[in-house]
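Enquirer: As a plain string of letters, each chain reads:
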Amino acid sequence: MTRIDAKFADLASRGQKAFVTYVMAGDPDYDTSLEIVRGLPAAGVDVIELGVPFTDPMADGATIQLAGQRALEGGMTLQRTLDLARAFRESDDTTPIVLMGYYNPIYSRGVDRFLQDAKAAGIDGLIVVDLPPEEDAELCIPAQKAGLNFIRLATPTTDDKRLPKVLQNTSGFVYYVSITGITGAANAVATDVGPEVARIKSQTDLPIIVGFGIKTPEGAADIARVADGAVVGSAIVEKIAKGQSPADVLSFVKSLADGAHSA
Amino acid sequence: MANDLFNSFMTGPDENGRFGDFGGRFVSETLMPLILELEAQYEHAKTDQSFWDEMNFLWTHYVGRPSPLYHAERLSEHLGGAKVYMKRDELNHTGAHKINNVLGQIILARRMGKTRIIAETGAGQHGVATATVCAKFGLKCVVYMGAHDVERQAPNVFRMRLLGAEVVPVTSGRGTLKDAMNDALRDWVTNVHDTFYCIGTVAGPHPYPAMVRDFQAIIGKETKEQMMAAEGRLPDTIIAAIGGGSNAMGLFYPFLDDKDVSIIGVEAGGKGVNAKMEHCASLTGGRPGVLHGNRTYLLQDDDGQILEGFSISAGLDYPGIGPEHSWLHEIGRAKYVAITDAEALEAFKLCCEMEGIIPALEPSHALAHVMKIAPELPKDHIICMNMCGRGDKDIFTVAKALGVEMNLGA
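Listed in order, the protein sequences are those of chains A and B.
full-length UniProt numbering numbers the first residue of the first sequence as 1 and each following residue consecutively.
full-length UniProt numbering numbers the first residue of the second sequence as 1 and each following residue consecutively.
With the rest of the complex left out, here is chain B:
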């Protein structure tokens, strides 16, 4: 029975914030009272109808939910096998799934009386979503972003500043997403009284992985309903890209107990999952460790020092992964694969040409895996991939990778 609690994959985390051995609350004492308070507030909000009424109203009227479920007909035909659907979360306000979660956290922050919001961002999508919702509610917003990402995601930096956020380029460490998260945590520990840390992915100390998942689960819930309406049944395979893993967890979670649905997470393989670690595939090429408040699979050396990930996609460029993914990987409920930069670029181009959709580089990874498996599958096999972001932010990166020069001044 799907809803048999003893066989359910949907009951995690436990009271200690663990999914199996993963997750937990590995933070300094200064932050511990804060995350306990957040947990209490979230537990309360979860069952508070007025909280969800507010969420649903804003999801509908501000974000534009439900996002469509779209049958990618030409692409399906081109691939010659499975029937490919896309969950169009790139059509959300701000252009990605990130805002689903940000709305939830900001409503919570307002209920907790916090007036200052901080966030970390990689590709800039979470930063833009946070800056957007802060602007809407008149909250002060500070976004930490690795100096390298500030450079390669310049349009999003400008967007955040237009929205009134302060963008802090992070130069500590190597100036990447993980360093931005370190600096956000340092800010939080310094400004505990008025500040709320809005984490963008299903990682960090408990309750963040569960809370962010619950806010993103709207993706999977809608997909289920829309697929039932379109096909009268659930998909055979669902696929999503994974950096920290929030869009994937959002799509996967409502399907975890539908045992006939196969679940595939796609990590960023960079230049290839090799000994030189030029990738961000934590599950494929890492091992369990503790970073940023949780135990999960991490890219690390023999001494437990954290390694830098490498990916053409700034949104996947993180050496860890949400703890629930680590658990799903270990128990085998979801399968995780890696896609290289080159494969993602091919998928990016094909999606533009075949479907008139410019995808972000993150879901291009998921699409690349669809391209790999769809041709071998029968025509009645339904695949649904999460088109979690649009590619406007990536056109400069893609142009560079394709050797095209864009002269913006002309």
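Chain A extracted, bound-state conformation:
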């Protein structure tokens, strides 16, 4: 049982929806980023998605891409991302951390070495955008063997015929992408998302967490009401981009968490 499984079991027992946030590791710099990440659990965050900066984030909008560029310019690497996770773990041994990013930095490091290091750094799960089920042998299966959850994206284009394939080697939770599009773009619409979540739920017992296009406490509440939880990323990263202090960023996060938890 990973920290992710434990967290969702705990939330379920309390009848509470999950609030998940995405921030880019090392944005705007390592120290500020660590300060923000350390403050997330107290602000009500149940699961932390930690973005691994990459030069070519094809599934992300401008907000996340620019965050990655800021981090890279500040010398952020996959190694430093793992360092940041390890530093977070010194004071928090329960909040799950999911690394989210693209395959090349992991492939470049070497899958076995990466999995060993990620596990040691206290990482619980992986979301790798450019690894569909067709490429499961690359990282998904080795990651599960190493005791890490591999969280898959399901999307509006994943039809019923394909869904079993997407769910097959997924663990931890299912990340439902609310829109066809990139992060930080169109708004997620609860009336569209609800039936899709139900469709996926009919085929899996895993929690269904919805992300992409959720920007406000009200939006988080609306989506959390029709799913097992909601993810907010770009809206938080935008505050960091504007140079807001960690305290201000975290108070925005708290308002989002309150929204999601009100559902």
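Hints should not be assumed to be uniformly reliable.
[Claimed, not checked] Footprint (simulated), chain A over chain B, 3 or more residues, beta carbon under 8 Å:
hint: 1; stretch: 28-42
hint: 2; stretch: 62-69
hint: 3; stretch: 173-186
hint: 4; stretch: 229-235
[Stated by the list, open to error] Think about it this way: if two alpha-carbon atoms lie no more than 20 Å apart in a straight line, the pair counts; the simulated EDC-like pairs of lysine to aspartate or glutamate are:
hint: 5; chain 1: A; residue 1: Lys-165; chain 2: B; residue 2: Glu-37
hint: 6; chain 1: A; residue 1: Lys-161; chain 2: B; residue 2: Glu-37
hint: 7; chain 1: A; residue 1: Lys-165; chain 2: B; residue 2: Glu-15
hint: 8; chain 1: B; residue 1: Lys-276; chain 2: A; residue 2: Glu-73
hint: 9; chain 1: A; residue 1: Lys-215; chain 2: A; residue 2: Asp-248
hint: 10; chain 1: A; residue 1: Lys-161; chain 2: B; residue 2: Glu-39
hint: 11; chain 1: A; residue 1: Lys-165; chain 2: B; residue 2: Glu-39
[To be verified] A partial selection of chain A residues facing chain B, derived with a Cβ cut-off under 7 Å:
hint: 12; residue: Leu-78
hint: 13; residue: Tyr-103
hint: 14; residue: Pro-105
hint: 15; residue: Val-129
hint: 16; residue: Asp-130
hint: 17; residue: Pro-132
hint: 18; residue: Pro-142
hint: 19; residue: Gln-144
hint: 20; residue: Thr-155
hint: 21; residue: Thr-157
hint: 22; residue: Asp-160
hint: 23; residue: Gln-168
hint: 24; residue: Thr-170
hint: 25; residue: Gly-181
hint: 26; residue: Ile-182
For the record, the hints were derived by calculation from the structure and aren't laboratory data.
For each residue, glycine too, the CB sits at the ideal point set by N, CA and C.
Use these hints to put chain B onto chain A, whose structure you have.
Expert: Below, chain B without anything else, positioned relative to chain A:
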């Protein structure tokens, strides 16, 4: 035996889109159903005679195929060694080989009921070809082009706009060809229902590398027939320039099982393949990685971050290379070399002066390698290089490199 399947180099990719370890389908889940549908449609079209009838008709009457195979007599004499032939794909409609592939993809898009075509472009040749075929069929066309390339390839930008395409200057990342490809993928993932992504090179997720190769293979097929007619035998060496590698793959593919034909791909060496990475030579100076849907050789740093390529030629300015080239490189069936900007410019000038052909900067790289090896080879050694594009688009870049000022307003 050349056609012995077990020894054939022409059977790839496998059902997972792999050429050896290269290729694959490294895309987000949103795109996965789309590329599976495209694969099914392409597999069907491949063996559908009516599809190829339509292609052949348009290749003949719209593109102007077959392109000539031309013996560059004065150049051969000047170099003093091998007999040099040029496959004249720069004479195609729109001035480059790119349209060979675009026609195939657009016919496929029409069969799939798609009404909106998107494309990425570097030098602008693929963008112009796509805009052209879209105009012919009345399809909406959006071309993503790095902001830097929009600037240095202004004539092609104007051409695309004349043809009714929307040209979107890409400023995300560093505003280069790879960023244009990122933005095209972002568009595709957003407009999955009506949009077809027409990729310009033998890269991207399966089935693109194989499909684009198959459409470009007309170059090599014609070359074989024309060489047999001209010389009664196959060439000894075939040479082509490589950015993503579509013109090269098109020339090489039909020759892969002709073991006596030596195959040379020429990458853009920029200012030289050095530690400062001021080049685009993915095979010579990169290592395997995953980008834009496929595993292939990439220019990247120790952390797996993608580096910007550098070349005087916008069409070669890409940090990756088609996966089939990576495979041919690793198994040793083709040899890959790098040519610098300065060497390509020399070849450009020589070709203008000796043959009355203004070549694009991309095939100028291939020609520069011909200039290097031809003098040492015997007179009965036949080299065929792919003159894959004409140089009209490059005259401003060349003028700048030569220190010539052109006053267009006067």
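Enquirer: Please go over all the hints and tell whether each is borne out by the structure.
Expert: A quick look at each hint next to the structure:
Coverage of a stretch by a chain is defined here by at least three residues with a beta carbon nearer than 8 Å to that chain's beta carbons; for the stretch 28-42 of chain B and chain A the count is 7, and the condition holds. Counting residues of the stretch 62-69 of chain B whose beta carbon lies closer than 8 Å to any beta carbon of chain A gives 0, which falls short of the minimum of three for the stated coverage. With 6 residues having a Cβ less than 8 Å from any Cβ of chain A, the stretch 173-186 of chain B passes the three-residue criterion, so the hint holds. Counting residues of the stretch 229-235 of chain B whose C-beta sits closer than 8 Å to any C-beta of chain A gives 0, which falls short of three, so the coverage hint is violated.
As the CA atoms of A:Lys-165 and B:Glu-37 are separated by approximately 16 Å, the hinted pair is consistent with the 20 Å bound. A hinted pair counts as satisfied when its Cα atoms are at most 20 Å apart, and A:Lys-161 with B:Glu-37 qualifies at roughly 13 Å. Restraint check for A:Lys-165 and B:Glu-15: the C-alpha separation of about 17 Å stays at or below 20 Å, so the hint holds. Only pairs whose Cα atoms come within 20 Å are accepted, and B:Lys-276 paired with A:Glu-73 is accepted, the gap being roughly 18 Å.
Straight-line distance between C-alpha atoms of A:Lys-215 and A:Asp-248 comes to about 16 Å, which keeps the hinted pair within the 20 Å bound. Under the criterion of a C-alpha separation no larger than 20 Å, the hint pairing A:Lys-161 with B:Glu-39 is consistent with the structure, at around 17 Å. Proposed proximity of A:Lys-165 and B:Glu-39 is supported: the alpha carbons are some 18 Å apart, at most 20 Å. Against a cut-off of 7 Å between C-beta atoms, the interface hint on A:Leu-78 holds, since the closest Cβ of chain B lies about 6 Å away.
Because the beta carbon of A:Tyr-103 sits about 5 Å from the nearest beta carbon in chain B, less than 7 Å, this interface hint is met. The closest approach between the C-beta of A:Pro-105 and any C-beta of chain B is roughly 4 Å, which is under the 7 Å cut-off, so the hint is satisfied. Because the beta carbon of A:Val-129 sits about 5 Å from the nearest beta carbon in chain B, less than 7 Å, this interface hint is met. This hint holds: A:Asp-130 has a C-beta 4 Å from the nearest C-beta of chain B, less than the 7 Å allowed.
Taken as an interface hint, A:Pro-132 checks out: its beta carbon lies about 4 Å from the nearest beta carbon of chain B, inside 7 Å. Interface hint status for A:Pro-142: violated, as the beta-carbon distance to the closest one in chain B is roughly 15 Å, over 7 Å. With a least beta-carbon distance of about 18 Å to chain B, the hint placing A:Gln-144 at the interface is violated under the 7 Å criterion. Interface restraint check for A:Thr-155: the shortest CB-CB distance to chain B comes to about 4 Å, inside 7 Å, so the restraint holds.
For A:Thr-157, the suggested interface contact is upheld, since its CB lies about 5 Å from the closest CB of chain B, less than 7 Å. Using the Cβ-Cβ criterion of 7 Å, the hint placing A:Asp-160 at the interface with chain B is not satisfied: the shortest such distance is roughly 11 Å. This hint is violated: A:Gln-168 has a C-beta 13 Å from the nearest C-beta of chain B, more than the 7 Å allowed. Residue-level restraint check for A:Thr-170 is violated (minimum Cβ-Cβ distance to chain B is 11 Å; threshold 7 Å).
Proximity of A:Gly-181 to chain B holds as hinted, the smallest CB-CB distance being about 4 Å (cut-off 7 Å). About 5 Å separates the beta-carbon of A:Ile-182 from the nearest beta-carbon of chain B, less than 7 Å, and the hint is met.
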